[in-house]
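Protein chains: 2
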Amino acid sequence: MASAPNPELRSAKSHQAILDATFELAVSKGYGKLTIEAIAAKAGVGKQTIYRWWPSKGAIALEAINDQIGSTTDFPDTGDIAADLKTQINGLSRMLAGDVGCVYRGVIAEAQNDPKLMRMVRETFVEPRAEKGAVRLESAIRAGQIRDDLSVLAMTNMLYGPVYVRFLLGVGDVADSADLVDPILDGLRPRP
Amino acid sequence: MASAPNPELRSAKSHQAILDATFELAVSKGYGKLTIEAIAAKAGVGKQTIYRWWPSKGAIALEAINDQIGSTTDFPDTGDIAADLKTQINGLSRMLAGDVGCVYRGVIAEAQNDPKLMRMVRETFVEPRAEKGAVRLESAIRAGQIRDDLSVLAMTNMLYGPVYVRFLLGVGDVADSADLVDPILDGLRPRP
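Chains as they are written, first to last, in the UniProt record's numbering: chain A, 1 to 192; chain B, 1 to 192.
These are computed hints drawn from the structure, not numbers from a lab.
Note that identical chains are pooled: a pair holds if it fits in a single copy or bridges any two copies.
Pairs of lysine-lysine residues, derived as BS3-like cross-links and limited to a Cα-Cα distance of at most 27 Å, are as follows:
1. 29 / 42
2. 116 / 33
3. 47 / 116
Quick caveat, the model's predicted, so the values are computed rather than measured.
This is chain A alone, in the form it adopts within the complex:
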C-alpha cells in the first residue's frame, strides 16, 4: 500500500494543475484564445480528464478564478459595516484590476452570448459572494447600522453596481471602488 500511487492524491494534483494551466494560459494568451487542448497539454492531462470534471472552458476559468481569489473577497465582521465593506470591496477591486480581472472579463464577455455560462457566472462567482454579503448586511441591520426596509438584493446592487460598471466599462477606476462605500452607505443608514 505504501508504494502504490494514491489515486485521490493524483487526482487532486491533476485538478490543481488544470486550474493553474487555465489561469496562466488565460492571462498570457487571453481568455478568448484559450482552448481545452492547450490546457490539457500544459497541465499534462488528457482532454477527457478535463471534460470529466468541467462542461466548458468557462466553467474551468470560473473555478480557476475562485481558486486564485481564495479568501481575498471574504467579508470580515468587525462590527463596523463601513470598514468591513471597504475591506471586502478593496479586496475584490484589487483582484478585478489585476490578472483575475483579465480572465473574469473574458468569461463575462463570452457569457453575454451564452445564457448557460451567464448562469454559471452568477452561481459560482456572484451569488456565493452575495450570500456571504447578505449575512454581513443582515448582521448590520440587526445592529441598527443600516435600514431594514430594502431588500438585500437592492443593497447588493447599490454596493456592487459601481464596482462592475467601473470594471466592465472603464468609467472610473475600479481599484478605487471602496471610495464609494461611504456615500452609498449614507443612503442605506436607518431613516429618521
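Using the hints provided, position chain B relative to the given structure of chain A.
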C-alpha cells in the same frame, strides 16, 4: 436641377438604410454574427460606402443604437431630481431590456477584448449621456437637492452602476432599475 438626383439626400438615405439594416440584423441574427457584407446587402449599398463612414461594425452598431434610442434617454428638468432621474432611468432601462439591449450587450461583450471599441462605447454612448446627466445633477446641486462634496463621476457611478450590473450580469431585473433611485439619492442628499 429639379430632375437630377440629389446626392446629399441619397447619401442621407443610404446612411439611414445602413443603420436600419445593422440594427435589424443584429437583433435577428445576434450581434456576434453580424457582418459588413450582410449589412451592405440588406441596405443595398456597397461595402466601400460603409467603410467610408464607419471604421468597424461596432461603430455602426453604436450609431444604430443611438438612432433607435432617439430622445428616450434625455434628462428632463422638472425641478424634482428624484422624478427626473426615475424618468431617465426608466427610459434607459426599458431600452436595455429590449432589442436595443440585445445589440448593446453584443457590442459591450466584443469591447471587453477590444480597447478601441471600448473607448468608442464610452465616447459615443456612455459619456454623451453622462454629460447631460452632469448638467442635471449640477442643477440639483445648485437647488440644494443633492450634496456638493462628491464628484459627478462618483454620483454617476452610483446611479448607473446598479443599472449596468442588472443588465450585464442579470442580478436583479434591469427594467426595475428606477426603484433604486430613491435609496441611492438618500445617500446623495445634502449632509446635515
